[in-house]
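J.: Take 263 as the starting number for the sequence shown in the numbering used here and just add one per residue.
Just so you know, the hints here were simulated from the structure itself, not pulled from any lab data. This structure is a prediction, so every number in the text was calculated from the model and none was measured. The reader is advised that the hints may include incorrect statements.
Stated by the list, open to error - In the DSS-like style, the derived pairs of lysine-lysine whose C-alpha atoms are separated by at most 30 Å in a straight line are:
{"id": "1", "residue 1": "Lys-318", "residue 2": "Lys-395"}
{"id": "2", "residue 1": "Lys-375", "residue 2": "Lys-333"}
{"id": "3", "residue 1": "Lys-375", "residue 2": "Lys-338"}
{"id": "4", "residue 1": "Lys-305", "residue 2": "Lys-268"}
{"id": "5", "residue 1": "Lys-333", "residue 2": "Lys-391"}
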Amino acid sequence: MAKYRKLGRTSDQRKALIRNQVTALLYNGKIVTTEAKAKEVRKVAEGLIALAVKEKDNFEEVTVTAKVPRKDAEGKRVKEVVDGKKVTVYDEVEKTIKKDMPSRLHARRQMLKVLYPVKEVPTEGAKRKKNTKQVDLCDKLFTEIAPKYADRNGGYTRIIKIGQRKGDGALEVVLELV
263 MAKYRKLGRT
273 SDQRKALIRN
283 QVTALLYNGK
293 IVTTEAKAKE
303 VRKVAEGLIA
313 LAVKEKDNFE
323 EVTVTAKVPR
333 KDAEGKRVKE
343 VVDGKKVTVY
353 DEVEKTIKKD
363 MPSRLHARRQ
373 MLKVLYPVKE
383 VPTEGAKRKK
393 NTKQVDLCDK
403 LFTEIAPKYA
413 DRNGGYTRII
423 KIGQRKGDGA
433 LEVVLELV
């Protein structure tokens with residue numbers, strides 16, 4: 263008996279498909295796919311969520327000082343002339359950051375091996391490169407998804423059958439986070 267479904271694809275195509283669907287599931291909360299694909303995606307997604315639940319509180323808060331460029335009312339950097347050259351003026355700011363402990367850092371890197379980068383495009387500024395922003399799915403796993411499932415021992419996803427697909431008759435399902 264095989265340990266996984268081959269899904270009629272080569273290994274690199276199968277890996278890309280599963281990574282893509284896991285990323286979509288964690289970003290959107292639910293996806294519609296075939297039953298066989300859903301069962302494979304469920305294995306990977308539940309492993310990532312379990313990892314996030316285990317490491318969700320494993321960090322320390324550290325206060326650091328950072329140099330930040332001073333900006334004017336329009337949002338442009340303030341420059342002053344020093345020895346005949348224009349130089350940007352910097353202010354020192356204290357920030358509190360979350361510093362991952364080694365096991366949480368390892369978990370984050372394990373997640374990044376599976377998850378694809380996600381760009382979020384706002385509806386009003388569509389097709390504008392500068393309006394897009396990168397979504398940190400690892401951080402979303404640790405801060406939003408993991409606390410929701412902290413008291414749960416597995417079973418983070420649900421498969422609901424919705425019927426056969428019109429084109430080829432494959433059984434379609436909705437895979438969603440519980």
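J.: Would you mind marking each hint as holding or not holding in the structure?
T.: Hints and how they fare:
no. : hint              : verdict
1   : Lys-318 x Lys-395 : 24 Å, holds
2   : Lys-375 x Lys-333 : 37 Å, violated
3   : Lys-375 x Lys-338 : 37 Å, violated
4   : Lys-305 x Lys-268 : 14 Å, holds
5   : Lys-333 x Lys-391 : 23 Å, holds
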